[in-house]
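Combine both chains into one complex, guided by the hints.
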Amino acid sequence: DAGVIQSPRHEVTEMGQEVTLRCKPISGHDYLFWYRQTMMRGLELLIYFNNNVPIDDSGMPEDRFSAKMPNASFSTLKIQPSEPRDSAVYFCASSLVPGGNTEAFFGQGTRLTVV
Amino acid sequence: SQQGEEDPQALSIQEGENATMNCSYKTSINNLQWYRQNSGRGLVHLILIRSNEREKHSGRLRVTLDTSKKSSSLLITASRAADTASYFCATGPNTGTASKLTFGTGTRLQVTL
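Residue numbers (the numbering used here), protein chains in the order written: chain A, 1 to 115; chain B, 116 to 228.
If we strip away everything but chain B, and leave its shape as in the complex, we get (with noise of 0.2 angstroms):
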């Protein structure tokens, strides 16, 4: 089933602009994950936010963390071309099953020239 639930489903920006993607989940969790999903290849990390962090930075990614509203945010800034992608958010629960990283619908995003 799908815990987290990206918005918007597709984004489609110029470069240089910033661009944010949502996610909402349900239950509560330990982490949340970011992952990005290049055309036919596997999914990478990008970053991770524990639940009892509230904002974090990695180059030009910023995440936000929002626990009380089972939200998160996924902000880049100065999207470049490269920067095409699908982006995942991912949690992992704050349960005995840590291990089951459960991730959301993805937002698709397109960056311009």
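Looking at chain A on its own, in the form it has when it is part of the complex (with noise of 0.2 angstroms):
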């Protein structure tokens, strides 16, 4: 398996914007979480799903940010409007089983800048 898969690698748009950041987990986790990774904020969970179900959203910073699993290999978080404060490192990782339980496989991440 080639691992966690994140698109785009680096994404930089103006403020205003909408931005669309991809994920495609590792075939057969049923769990899949988006983070956030900040200089000041450290590492955030936004959200995470189970079995393609938004479980958690409660780290979702706004209504600006959304999140959808259509199905089991492929999850999105967008931004509408973004702002130059989310400029960010924006991680997708799965795991197994419940990701406090076991570990949780991380893709390299999309670096994000607003500007």
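It should be emphasised that the hints constitute simulated quantities derived from the structure, not laboratory data.
Since this is a predicted model, take the numbers as computed values, not measurements.
Glycine included, every Cβ here is placed at the ideal spot set by N, Cα and C.
Mixed in with the good hints there might be a few duds.
What the hints assert, rightly or not - Residues from chain B shown here face chain A by an in silico Cβ test under 8 angstroms; the list is partial: (1) Asn-145; (2) Gln-148; (3) Leu-158; (4) His-160; (5) Ala-200; (6) Phe-203; (7) Pro-208; (8) Lys-215; (9) Thr-217; (10) Phe-218; (11) Thr-220; (12) Gly-221; (13) Arg-223; (14) Val-226.
Unchecked claim - Cut-off 20 angstroms, straight-line C-alpha distance, at most; resulting in silico cross-link-like pairs (DMTMM-like, lysine to aspartate or glutamate): (15) Lys-141/B to Glu-44/A; (16) Lys-171/B to Glu-103/A; (17) Lys-184/B to Asp-122/B.
Said to hold, decoys possible - Pairwise CB distance ranges, derived in the manner of DEER restraints: (18) Gln-225/B to Pro-70/A: 40 to 50 angstroms; (19) Asp-30/A to Gln-124/B: 32 to 42 angstroms; (20) Pro-123/B to Ala-2/A: 29 to 39 angstroms; (21) Lys-68/A to Thr-142/B: 22 to 32 angstroms; (22) Met-15/A to Lys-171/B: 40 to 50 angstroms; (23) Ala-125/B to Thr-113/A: 45 to 55 angstroms; (24) Val-53/A to Gly-174/B: 33 to 43 angstroms; (25) Val-12/A to Leu-190/B: 36 to 46 angstroms; (26) Asn-50/A to Lys-184/B: 43 to 53 angstroms; (27) Gly-155/B to Gln-17/A: 21 to 31 angstroms.
Here's what the structure looks like:
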């Protein structure tokens, strides 16, 4: 397996534009997580899915953020409209069982810059 | 919110020396995990220790857990330049929301030749 695949690796966009980040989890993993990493706040869990169903989105900062998982092999995180304070590295991770009980496998991340 | 706090924030040692990083957390946990992050890359799982375990080894890694003090330590023995990275502890809560793995603030380790 190629691991968790995220795209794009880098994204530069202008304030107000819509941004879509993509993730392909490891095949067979039932849990998918979206994290955001910044210098100020470290790694924050935004939302996670179990069997394609969003379970906890309490970490999603604002209504501008939305996430979907239309099938077991694909998830998106969308920011609309984007703002400079959304600049961060966004990670997708997946795990076979609940992430708190076993290791999570991370993608390489998407570095988002909003100017 | 940050569950774990690593100490020190940064550590610089020479190759061959041992590196010790500490993690403190606040709430009851089911397990504690350590991850490594190389610059510009994703996190890689290193080791998991369950709440009923006190010590665990994996290669040059040794992890201890003291649930009474809500703390853990990661020891890397005979460090190498390739160990240069940031190290994070992550806790799996002892609640129904077992899926929420919460990360600490990280220790930046620099191993010089």
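The hints, checked one at a time:
1. Asn-145: With a minimum Cβ separation of about 6 angstroms from chain A (threshold 8 angstroms), the hint on Asn-145/B holds.
2. Gln-148: holds, 7 angstroms
3. Leu-158: holds, 4 angstroms
4. His-160: holds, 4 angstroms
5. Ala-200: Nearest chain A Cβ about 13 angstroms off; hint violated.
6. Phe-203: This hint holds: Phe-203/B lies near chain A, its Cβ roughly 7 angstroms from the closest one there, short of 8 angstroms.
7. Pro-208: Because about 6 angstroms separates Pro-208/B from the closest Cβ in chain A, which is inside the 8 angstroms limit, the hint holds.
8. Lys-215: Hint holds; Lys-215/B Cβ to chain A Cβ min 6 angstroms, cut 8 angstroms.
9. Thr-217: Holds, because the Cβ-Cβ distance from Thr-217/B to chain A comes to roughly 7 angstroms (cut-off 8 angstroms).
10. Phe-218: holds, 4 angstroms
11. Thr-220: holds, 5 angstroms
12. Gly-221: For Gly-221/B, the interface hint holds, since the closest Cβ of chain A sits about 7 angstroms away, which is under 8 angstroms.
13. Arg-223: violated, 11 angstroms
14. Val-226: violated, 22 angstroms
15. Lys-141/B to Glu-44/A: Status holds; Cα separation ~16 angstroms.
16. Lys-171/B to Glu-103/A: holds, 15 angstroms
17. Lys-184/B to Asp-122/B: The hint holds at about 15 angstroms.
18. Gln-225/B to Pro-70/A: 40 to 50 angstroms: holds, 43 angstroms
19. Asp-30/A to Gln-124/B: 32 to 42 angstroms: Holds: the Cβ-Cβ distance is about 35 angstroms, inside 32 to 42 angstroms.
20. Pro-123/B to Ala-2/A: 29 to 39 angstroms: At 35 angstroms between Cβs, range holds.
21. Lys-68/A to Thr-142/B: 22 to 32 angstroms: Holds - the Cβ-Cβ distance for Lys-68/A and Thr-142/B, about 31 angstroms, lies within 22 to 32 angstroms.
22. Met-15/A to Lys-171/B: 40 to 50 angstroms: Distance hint for Met-15/A, Lys-171/B holds at roughly 47 angstroms.
23. Ala-125/B to Thr-113/A: 45 to 55 angstroms: violated, 25 angstroms
24. Val-53/A to Gly-174/B: 33 to 43 angstroms: Taking Cβ atoms as reference, Val-53/A and Gly-174/B lie about 38 angstroms apart, which means the hint holds.
25. Val-12/A to Leu-190/B: 36 to 46 angstroms: holds, 40 angstroms
26. Asn-50/A to Lys-184/B: 43 to 53 angstroms: At 33 angstroms between Cβs, range violated.
27. Gly-155/B to Gln-17/A: 21 to 31 angstroms: Once the Cβ atoms are compared, 24 angstroms apart, the range 21 to 31 angstroms for Gln-17/A and Gly-155/B holds.
Violated hints for the displayed structure, listed by number in ascending order: 5, 13, 14, 23 and 26.
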